[in-house]
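Asker: Sequence:
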Amino acid sequence: MLKIENLHIKYGAIHAVKGIDIEVNEGEIVTLIGANGAGKTSILKALSGLVKPSEGTITYDGKVLNKKSAQDIMKAGISHVPEGRRIFADMTVLENLELGAYQRKDKEGIKKDLEAVYERFPILKDRSKQAAGTLSGGEQQMLAMGRALMANPKILLLDEPSMGLAPILVKEIFSIIKDINAKGTTILLVEQNARMALSVATRAYVMETGKIVMSGTGQELADSEEIQKAYLGG
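Using the UniProt record's numbering, read the sequence shown as starting at 1 and increasing by one per residue.
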């Protein structure tokens, strides 16, 4: 479904991603774990067209994405929930959600998906007329995920969804991620909470300084002594 081959990303003299290969199959939750600065966010930005790779190929459903605009990539079925949520604070919750569907023309489908988002995140329905900036961190994360789902994506890119959230909310967010996946959306997840990320992952890749140093099933990596020492406090 999604294939990354020999991907290099540079910011001037900084070589952030160094020739990585990643594959995401339909129906999977694939997670990238690693320390800050490993290059995980850069990969998601390249996938959604926000950053252009200096080398390598990104293929989605057999089509090369490298030169496509962020708008075209979203239209093709890839939605990105960025690190830090990036909601529109002065707009209402409903307006934020409607923006997620701005490229769609199917009014009935949009209405149906809005109801589905409200069903999944009831708090957003309760606060639909509130300014998004007045929501708590957890509610803003739910709004960012809801907004991405309004594009009716085939693949959801999630960047640090648990960042800054209380442990009880982290569990709730990961439960929602599993539910979204179970209902048919493929997920590529970047997450520093390695324990939670591996617990939901079909497969996982471990990144260090722009390279993939290990990969396997979520369970294999969770059981790995090396991973436990480095990322799980084992």
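Hints may be right or wrong, so weigh each one.
Calculated cross-link-like contacts (lysine to aspartate or glutamate; reagent style EDC-like; alpha-carbon spacing at most 20 Å) [claimed, not checked]:
| hint | residue 1 | residue 2 |
| --- | --- | --- |
| 1 | Lys10 | Glu208 |
| 2 | Lys154 | Glu208 |
| 3 | Lys154 | Glu55 |
| 4 | Lys154 | Glu220 |
| 5 | Lys52 | Glu28 |
| 6 | Lys125 | Glu108 |
| 7 | Lys129 | Glu172 |
| 8 | Lys67 | Asp106 |
| 9 | Lys75 | Glu55 |
| 10 | Lys178 | Glu55 |
| 11 | Lys75 | Glu119 |
| 12 | Lys105 | Glu55 |
| 13 | Lys10 | Glu28 |
| 14 | Lys125 | Asp72 |
| 15 | Lys112 | Asp179 |
| 16 | Lys75 | Asp90 |
| 17 | Lys105 | Asp126 |
| 18 | Lys178 | Glu98 |
| 19 | Lys105 | Glu83 |
| 20 | Lys129 | Glu115 |
| 21 | Lys178 | Glu208 |
| 22 | Lys178 | Glu119 |
| 23 | Lys211 | Glu98 |
| 24 | Lys154 | Asp179 |
| 25 | Lys183 | Glu28 |
| 26 | Lys63 | Glu95 |
| 27 | Lys63 | Glu5 |
| 28 | Lys129 | Asp90 |
Derived from the structure by calculation, the hints contain no laboratory data.
Asker: Now tell me, hint by hint, if it's right for this structure.
Answerer: A quick look at each hint next to the structure:
Taking the CA atoms of Lys10 and Glu208, the gap is about 16 Å. The hint holds against a cut of 20 Å. Taking the CA atoms of Lys154 and Glu208, the gap is about 28 Å. The hint is violated against a cut of 20 Å. For the suggested pair Lys154 and Glu55, the alpha carbons sit about 25 Å apart, so the restraint of at most 20 Å is broken. Between Lys154 and Glu220 the CA atoms are separated by roughly 26 Å; this puts the pair beyond 20 Å, and the hint is violated.
Taken as a hint, the Lys52 and Glu28 pair is broken in the structure, with Cα atoms around 25 Å apart against an allowance of 20 Å. Pair hint Lys125 plus Glu108 holds up; C-alpha atoms about 18 Å apart against a cutoff of 20 Å. A hinted pair counts as satisfied when its Cα atoms are at most 20 Å apart, and Lys129 with Glu172 does not qualify at roughly 24 Å. At roughly 27 Å between alpha-carbon atoms, Lys67 and Asp106 are farther apart than 20 Å, so this suggested pair is violated.
Distance hint between Lys75 and Glu55 is unfulfilled; the C-alpha atoms sit about 24 Å from each other, more than 20 Å. Among the hinted pairs, Lys178 with Glu55 is inconsistent with the structure: their alpha-carbon atoms are about 33 Å apart, more than 20 Å. Of the pairs offered as hints, the one joining Lys75 and Glu119 is violated, with about 24 Å between alpha carbons and a cut-off of 20 Å exceeded. The straight-line distance between the Cα atoms of Lys105 and Glu55 is roughly 35 Å, outside the 20 Å bound, and the hint therefore fails.
In summary, the hint linking Lys10 to Glu28 is not supported, as the alpha carbons are separated by about 28 Å, beyond the 20 Å threshold. Of the supplied pair hints, the one linking Lys125 and Asp72 is violated, its CA atoms being roughly 29 Å apart against a limit of 20 Å. Restraint check for Lys112 and Asp179: the C-alpha separation of about 18 Å stays at or below 20 Å, so the hint holds. The suggested pairing of Lys75 with Asp90 is violated, with an alpha-carbon distance near 26 Å, which exceeds 20 Å.
Note on Lys105 and Asp126: the hinted pairing is violated, with a Cα-Cα distance of about 26 Å set against a maximum of 20 Å. Among the hinted pairs, Lys178 with Glu98 is inconsistent with the structure: their alpha-carbon atoms are about 24 Å apart, more than 20 Å. Between the alpha carbons of Lys105 and Glu83 the distance comes to roughly 28 Å, so the proposed pair goes past 20 Å and is violated. With a C-alpha separation of about 15 Å, the suggested pair Lys129 and Glu115 falls inside the 20 Å cut-off, and the hint holds.
The suggested pairing of Lys178 with Glu208 is violated, with an alpha-carbon distance near 26 Å, which exceeds 20 Å. Among the hinted pairs, Lys178 with Glu119 is consistent with the structure: their alpha-carbon atoms are about 16 Å apart, no more than 20 Å. Our distance criterion of 20 Å between C-alpha atoms is broken by Lys211 and Glu98, whose separation comes to about 37 Å. A threshold of 20 Å between alpha carbons decides the hint, and for Lys154 with Asp179 the separation of about 14 Å falls inside it, so the pair holds.
Of the supplied pair hints, the one linking Lys183 and Glu28 holds, its CA atoms being roughly 11 Å apart against a limit of 20 Å. At most 20 Å may separate the alpha-carbon atoms for a hinted pair to count; Lys63 and Glu95 exceed this at roughly 32 Å. Of the supplied pair hints, the one linking Lys63 and Glu5 holds, its CA atoms being roughly 13 Å apart against a limit of 20 Å. Taken as a hint, the Lys129 and Asp90 pair is honoured in the structure, with Cα atoms around 11 Å apart against an allowance of 20 Å.
The structure is inconsistent with the numbered hints 2, 3, 4, 5, 7, 8, 9, 10, 11, 12, 13, 14, 16, 17, 18, 19, 21, 23, 26, although it conforms to all the rest.
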